[in-house]
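*Asks:* Okay, here's what each chain looks like letter by letter:
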Amino acid sequence: MSVSAPARLDARTLLGPRHWARVEGWGMAVSALGHLVRPRDIDELRALFAFARETGTPVTLRGGGRSYGDAAIGQGCLILDLTAMNRILSWDPETGIVDAEPGVTIEQLWKRIVPDGWWPAVVSGTMFTTMGGCAAMNIHGKNNYRVGPFGDQVLEFDLLLPNGELLTCDRERHADLFHAAIGGFGMLGCFTRIRLRTKKVHSGNLAIEAFPTTSIPHMIEEFEDRVPDADYLVGWIDCIAGGRSSGRGIVHRADYLREGVDPVPRESLVLRAQELPSKVFGLPKSLLWWPLGLFINDTGMRAVNAAKFHAGRLLPVGAVYPQAHAAFAFLLDYVPNWKWAYKPGGLIQYQSFIPRANAARTFETLLRMSRKAGLPAYLGVFKKHRPDPFLLTHAVDGYSLALDYRVTAGNREALWRLCHRMDEVVLAAGGRFYFAKDLTLRSRTAARFLPRENLDTFVALKHRCDPGNVLQTDLSRRLFASHFADTGQQDP
Amino acid sequence: MKLRKKCAIVVGASSGIGAAVARRLARAGWHLALVARRQEALNQVAADIARLPGAHPALVYPHDVTNYDEVPALFDRIADDLGGLELVLYASGVMPDVGPEEFDFAKDRAMVEVNLLGMIAWLNQAADLFARLEGGTIAGIGSVAGDRGRRDRPGYNTSKGAQAIFLESLRNRLAPRNVRVVTIKPGPVATPMTEGLGQMPFMISANEAARQIVRALESSRSTVYVPHRWAVIMLVIRHIPSFLFRRLGI
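Protein chains in written order, with the numbering used here: chain A, 1 to 492; chain B, 1 to 250.
Any given hint might turn out to be false.
Ranges of calculated distance between the beta carbons of each label pair, as one might list FRET restraints [stated by the list, open to error]: (1) 246/B <-> 298/A: 55 to 61 Å; (2) 413/A <-> 168/B: 36 to 42 Å; (3) 424/A <-> 218/B: 57 to 63 Å; (4) 37/B <-> 272/A: 55 to 61 Å; (5) 298/A <-> 218/B: 30 to 36 Å; (6) 420/A <-> 205/B: 56 to 62 Å; (7) 72/B <-> 331/A: 54 to 60 Å; (8) 275/A <-> 103/B: 50 to 56 Å; (9) 457/A <-> 219/B: 54 to 60 Å; (10) 424/A <-> 72/B: 39 to 45 Å.
Bear in mind the hints are in silico, worked out from the structure with no lab data behind them.
Positions of the beta carbon are idealized from the N, C-alpha and C atoms, including for glycine.
All chains should be built: construct the whole structure from the sequences, respecting the hints.
*Replies:* Structural data, given as structure tokens:
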């Protein structure tokens with residue numbers, strides 16, 4: 001091997017047993033065997049790209065591994081786990097601007113900036129995603145309709161192309177690449193530095209309000225009423241209840257406290273005030289996934305959903321209570337490893353984004369189709385979105401519904417068939433999909449939901465930045481194998 | 001990228017239980033790497049395997065398990081040569097004769113080094129790989145002697161008792177990664193190790209022990225006494241109060 005990898009990374013062993021590893025999609029429904037390496041800096045990353053090109057080994061970029069499906073796994077690939085490149089390079093508490101390496105997690109970020117009175121403007125439902133992953137997937141939060149996706153908070157980034165070239169991109173320099181690499185699911189290059197703006201907050205708490213809704217149209221009405229002034233809106237939907245209860249749910253609204261409302265912001269802007277409780281009902285939370293598993297079946301979830309809905313109805317109307325940012329934002333982290341309750345088959349999430357005019361009808365149809373197929377979703381999460389300027393964006397001027405399905409050896413085939421039928425309904429409604437969640441789309445569907453022109457532009461950029469198709473994932477092979485095929489061109 | 005199925009490393013495969021288990025695994029279609037100090041004895045086991053109908057040829061790696069520093073590179077080389085790995089069995093063990101009045105550090109040290117430290121060196125490598133692969137089986141040949149501090153051979157009892165604790169720790173550590181860790185606790189088995197010790201209670205042949213061990217590896221059990229009756233006997237012996245135990249002379 002002519003590659004001179006840094007001493008720690010011995011090129012002779014990169015493909016040997018020392019680096020064999022099985023990596024899983026977060027939903028545990030899919031995994032891949034590859035060669036796992038954790039580069040620590042750009043030099044190592046560059047050497048690994050060179051090694052990959054010389055040996056013809058495809059490369060998969062992986063951050064926190066929180067994508068539900070196959071977006072961060074690659075069978076037989078050199079899997080570059082970027083979590084060791086996790087330095088916060090600079091933080092300015094005056095401007096709220098941060099420079100971070102791609103492996104910095106949202107947890108690291110908020111813990112660093114909260115004491116200075118700042119909060120990440122866009123976060124995922126878990127704090128264990130990384131900056132690189134958030135940018136590559138262009139994640140959104142419960143405030144997507146208000147502040148846009150993660151990419152809208154990015155001021156600039158450095159992108160390392162597979163040929164070793166490092167480009168600094170922003171809305172003016174390499175603007176095409178800026179708008180394509182964000183949301184480009186790791187296909188164009190590896191982020192090595194991301195400059196991000198954050199949000200000034202005047203308290204460690206949000207003001208929360210919860211109210212029940214009886215149907216999806218009702219939920220949309222409630223959202224629309226509050227959109228002009230609510231900072232965060234998220235809906236939970238009971239996807240199992242049928243008949244007149246179909247689509248019932250609970251909406252949570254959260255608002256930042258304006259300056260002066262919290263008399264002593266310092267008290268809630270400390271890490272201690274933000275940390276999630278370690279016990280629930282007196283039980284250590286680390287054990288909770290196990291009893292939770294007893295409910296992960298149709299009967300159990302029907303009961304849990306009904307109890308949740310009726311408990312929500314007991315809340316006094318208009319009651320507003322304070323909740324720490326972290327507790328509101330990171331619901332998925334509340335019970336550690338809750339996904340283990342879905343073992344052994346794991347779970348998938350089917351999230352579709354539907355223009356406003358078609359949203360209610362389409363989501364009602366999806367819920368009905370699921371119930372009719374005997375495959376009810378155990379969790380439904382409803383959010384509002386707005387369009388953004390990124391090439392492969394999943395966002396539309398409308399709503400999304402994220403549906404969690406348990407996967408078993410017995411239902412897998414039927415579940416995939418159901419998803420394919422639902423794809424047609426979503427496409428007919430002008431809907432879109434989100435690569436961070438997907439595991440079931442087919443290539444012909446992917447080519448249809450993305451505007452033709454956007455996809456063509458992206459493919460052209462892929463051929464320009466990565467002509468050898470070095471960067472691959474099982475998702476890219478599943479959906480874009482023919483689009484991204486090696487062009488045969490030599491790297492510049 | 002595809003790893004070959006049914007690949008195993010047997011450490012201590014040149015004689016006794018290790019050799020017998022290796023022959024039985026080979027008969028069941030496993031691809032084997034045989035590790036032990038004595039090359040000739042290993043070659044003999046490999047030759048036996050080559051004569052078994054349908055068995056894959058076994059690879060042979062001479063190695064002294066007390067050369068701990070060699071283990072990581074050798075482990076990698078073997079896994080690479082095999083093209084996959086699903087099972088690592090540590091069967092190396094020594095039990096020098098220790099007289100009733102003898103307190104010999106060199107002998108005790110040899111037992112701890114071969115039985116325990118060698119096992120830790122090898123199984124740590126296996127643990128690291130299997131945790132990454134999210135699957136695999138790790139097994140160690142312990143002994144009923146590890147269940148109680150008997151008056152004979154304190155060093156041997158210690159090495160076997162510590163082995164069991166180490167394996168239990170690995171098991172608890174690796175369970176979330178879908179890795180099985182099996183502790184095998186044979187009673188007396190007719191092997192070169194027990195030669196000359198005379199008639200021992202419930203002694204079985206190495207072949208019979210191997211049959212039961214391979215069956216245990218295929219089951220979902222984590223601690224297996226061989227033969228099973230030792231599970232009952234040791235349950236009783238473990239519960240004998242100390243003041244009584246020291247008077248029993250066992």
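*Asks:* If a hint holds in the structure, say so; if it doesn't, say that too.
*Replies:* Right, here's what the structure says about each hint:
Against the hinted window of 55 to 61 Å, the Cβ-Cβ separation of residue 246/B and residue 298/A comes to about 60 Å, which satisfies the hint. Checked against the hint of 36 to 42 Å, the pair residue 413/A and residue 168/B passes, with Cβ atoms roughly 40 Å apart. At roughly 46 Å, the beta carbons of residue 424/A and residue 218/B sit outside the given window of 57 to 63 Å. At about 57 Å, the beta-carbon gap between residue 37/B and residue 272/A stays in the expected band of 55 to 61 Å.
With their beta carbons about 34 Å apart, residue 298/A and residue 218/B fall inside the hinted range of 30 to 36 Å. Checked against the hint of 56 to 62 Å, the C-beta distance between residue 420/A and residue 205/B comes to roughly 59 Å, which is consistent with it. Residue 72/B and residue 331/A have their C-beta atoms about 43 Å apart, which leaves the hinted 54 to 60 Å range violated. A hinted range of 50 to 56 Å holds for the C-beta pair residue 275/A and residue 103/B, which are about 55 Å apart.
Between residue 457/A and residue 219/B the Cβ separation comes to about 57 Å, which falls inside the hinted range of 54 to 60 Å. Evaluation of the 39 to 45 Å hint for residue 424/A and residue 72/B yields a failure: the beta carbon distance comes to about 53 Å.
This entry does not satisfy hints 3, 7 and 10, going by the numbered hints stated previously.
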